[in-house]
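Sequences and hints are given; from them, build the entire structure.
Number of protein chains: 2
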Amino acid sequence: MYGFQYYTPTKVLFGKQTELRTAEMIREFGGTKVLIHYGGGSVVRSGLLARVTKVLEDAGIAYITLGGAVPNPHLKLVYEGIELCKKEGVDFLLAVGGGSAIDSAKAIGYGVTNEGDVWDFYDYKRKAKACLPLGVILTIAATGSEMSDSSVITKEEGLVKRGYSSDYCRPKFAIMNPELTMTLPNYQTACGCTDIMMHTMERYFTNGGNMEITDSLAEGLLRTVKANALILAKDPKNYDARAEVMWAGSLAHNGLTGCGNDGGDWMTHKLEHELGGLYDVAHGAGLAAIWGSWARYVMKDCLPRFKRFALNVMDVKNEGTDEEIALAGIEAVEDFYRQIGMPTNLRELGVSATDAELAEMAYKCAVGVKGGMGSAKFLREEDMLAIYRAAR
Amino acid sequence: MYGFQYYTPTKVLFGKQTELRTAEMIREFGGTKVLIHYGGGSVVRSGLLARVTKVLEDAGIAYITLGGAVPNPHLKLVYEGIELCKKEGVDFLLAVGGGSAIDSAKAIGYGVTNEGDVWDFYDYKRKAKACLPLGVILTIAATGSEMSDSSVITKEEGLVKRGYSSDYCRPKFAIMNPELTMTLPNYQTACGCTDIMMHTMERYFTNGGNMEITDSLAEGLLRTVKANALILAKDPKNYDARAEVMWAGSLAHNGLTGCGNDGGDWMTHKLEHELGGLYDVAHGAGLAAIWGSWARYVMKDCLPRFKRFALNVMDVKNEGTDEEIALAGIEAVEDFYRQIGMPTNLRELGVSATDAELAEMAYKCAVGVKGGMGSAKFLREEDMLAIYRAAR
Chain A
38 MYGFQYYTPT KVLFGKQTEL RTAEMIREFG GTKVLIHYGG GSVVRSGLLA RVTKVLEDAG
98 IAYITLGGAV PNPHLKLVYE GIELCKKEGV DFLLAVGGGS AIDSAKAIGY GVTNEGDVWD
158 FYDYKRKAKA CLPLGVILTI AATGSEMSDS SVITKEEGLV KRGYSSDYCR PKFAIMNPEL
218 TMTLPNYQTA CGCTDIMMHT MERYFTNGGN MEITDSLAEG LLRTVKANAL ILAKDPKNYD
278 ARAEVMWAGS LAHNGLTGCG NDGGDWMTHK LEHELGGLYD VAHGAGLAAI WGSWARYVMK
338 DCLPRFKRFA LNVMDVKNEG TDEEIALAGI EAVEDFYRQI GMPTNLRELG VSATDAELAE
398 MAYKCAVGVK GGMGSAKFLR EEDMLAIYRA AR
Chain B
38 MYGFQYYTPT KVLFGKQTEL RTAEMIREFG GTKVLIHYGG GSVVRSGLLA RVTKVLEDAG
98 IAYITLGGAV PNPHLKLVYE GIELCKKEGV DFLLAVGGGS AIDSAKAIGY GVTNEGDVWD
158 FYDYKRKAKA CLPLGVILTI AATGSEMSDS SVITKEEGLV KRGYSSDYCR PKFAIMNPEL
218 TMTLPNYQTA CGCTDIMMHT MERYFTNGGN MEITDSLAEG LLRTVKANAL ILAKDPKNYD
278 ARAEVMWAGS LAHNGLTGCG NDGGDWMTHK LEHELGGLYD VAHGAGLAAI WGSWARYVMK
338 DCLPRFKRFA LNVMDVKNEG TDEEIALAGI EAVEDFYRQI GMPTNLRELG VSATDAELAE
398 MAYKCAVGVK GGMGSAKFLR EEDMLAIYRA AR
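So the sequence lines, in the order shown, correspond to chains A and B.
The first sequence begins at 38 in this note's numbering and counts up one residue at a time.
The second sequence begins at 38 in this note's numbering and counts up one residue at a time.
Do not rely on the hints blindly, as some may be mistaken.
Put simply, identical chains are the same to the list, so a pair is met inside one copy or across any two.
30 Å max Cα-Cα, derived DSS-like pairs, lysine-lysine [to be verified]:
| id | residue 1 | residue 2 |
| --- | --- | --- |
| 1 | K164 | K113 |
| 2 | K91 | K70 |
| 3 | K192 | K123 |
| 4 | K354 | K48 |
| 5 | K401 | K162 |
| 6 | K48 | K164 |
| 7 | K113 | K166 |
| 8 | K164 | K53 |
| 9 | K414 | K53 |
| 10 | K263 | K274 |
The hints are simulated quantities; they were obtained by calculation from the structure and are not laboratory data.
Quick caveat, the model's predicted, so the values are computed rather than measured.
This is how it looks when you write it as structure tokens:
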């Protein structure tokens, strides 16, 4: 067991109509001039943006808007947002959407409050010293960015996708109304559930410092998301299932399910980031397409954890050798992915990568992790290439 | 499922030697003149106080000290602390100890920053508008006050024990080094484990709005504390078991295990508060002495929850009627209490109450909850008296 720091200052308002309390929250955290940052048109079409701007107008809070955040949010829009905030004297960011809008807003927040090029933080060159205060109205349960310290941005030049983490960007508040997620297409819901589970699975499959309470919380969370993802695949308007998944999404990535261990493995995420950078696939689907190949590649080096996972999360029977049980757990995850419409390899993901492209991704991934990374098993460039090949 | 607010801003530093980072934390949260508030002599005898004051001196942070916080902390010392803080210009409180020192410090913090008598808040007369910023070095895993919004104070006159909750008093930071809890007597450790489990059980046994993820986290936490309390009963120096219990103590009472439900039942706590006010018994032992009688009295009105608890937490076999399973779960809790040296009734607690005393407690308890309370079963004065009698 390792020592740890746990810091989740985000005030969560969870439930129906909580978006009507947006102005109250912005005031509580000192905002007077707000940039509302959102993604595509769904926030506009659904009427959510109009509802939120009305609440701000009624409260006399000044705001401007910036739409256009895309999945794997782009650096260009971040630069645009930074300029806009500086020009307009914005002192509070309100992200309305999912991980794309939130991560993009976090990067804007860094850019406004720190000197120099904001990409430096994502390029491991410098550390941020501040971030604009940020609030969130969540419309997609997936990335957990609404309570997390991390954000992921893609630089268009060379399609480099990188993450940066610091406590400065943890949102001041997160408004979570499960009803706002009900109109999501099934594919996107399933991508979200996959991402949520993966955030906790990345923390779970480690060889260092595991803690029983953390494991038991993680397993409870994973069982809950699995069960409710299956419900939502058939009944997407189920409020309770939406709520279970939405709250799980925050807890899966706010640090709770990693307390006491060595920080997690995170190689599935790193491998997917290169996929996402090169092919612009949905993050959750990319994770699903990679995970099985990663798991089979590392399983023997982290066998007790894979066995425990199979028994406690995937309901595998405690029969056979440890390896057989662990492998049955991996297969059960892939079965689950198929049931919710997720891919289990690159072909099913719609990516037909050449040998050269796989090699390029493995090279960039290895550079991105400074040569090698992983706690379930430490992976170098050749390991990454082998996993990409197995996933083809 | 109900909507909820979740707010746990406390920055947790968990692990060995984390107390050496006290000055860094006080600076981060703006403290310049500190009142160190602690309880009995153990904090002095163990050398912890000297270690902490040296860290502050090395960092050039001014401080004064006030010892003497007792279990069921008294209002008189709170008044004394308020005067001291005002006189000395204290702008930050550092509680070193367990729930007694922390709760007492919270009350001091309310008193310094609000006009009028601080007891008004505990007497339901007014609401606080602020609290001095507060940090904690935890030495006892029990009350969860290090992350919670609540504090409990006893007014000497009439021995009235009351709790008051507001987000203002949530500690800015909590330093948790499991080694600091290793020298606790077994009885006090067991009291702590009982209190920790009860904080989550109070939230678990409800008839309103239960959420699957909350239940699965609660059950994981309860199983973990149960297992590690049994380890500590035989091996009190076991670091890992101390750590499991210590972290569980915070999570059991920071709101996590009640998200989505109606707020919990809390009648066992209310019934114990009267015991604690009148007889000055250890809080955890008082809870253990009451719980079985409460559970049998309310079981039929909350049967599905008692059954689920028996199966998922107490490892009762799924055989027999729902009532038989639920009752076996209650008996398993009492067996567990006996194994860790906790009482299961007032006699074992060392309290021989007269009929008049039981009636007085039931009356005061009913007044304290404005006539009646409870979610597993709504209890009025006559129900409270029946439970006290059954617990005798």
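Numbered hints the structure breaks, given as an ascending list: Violated: hint 4 alone.
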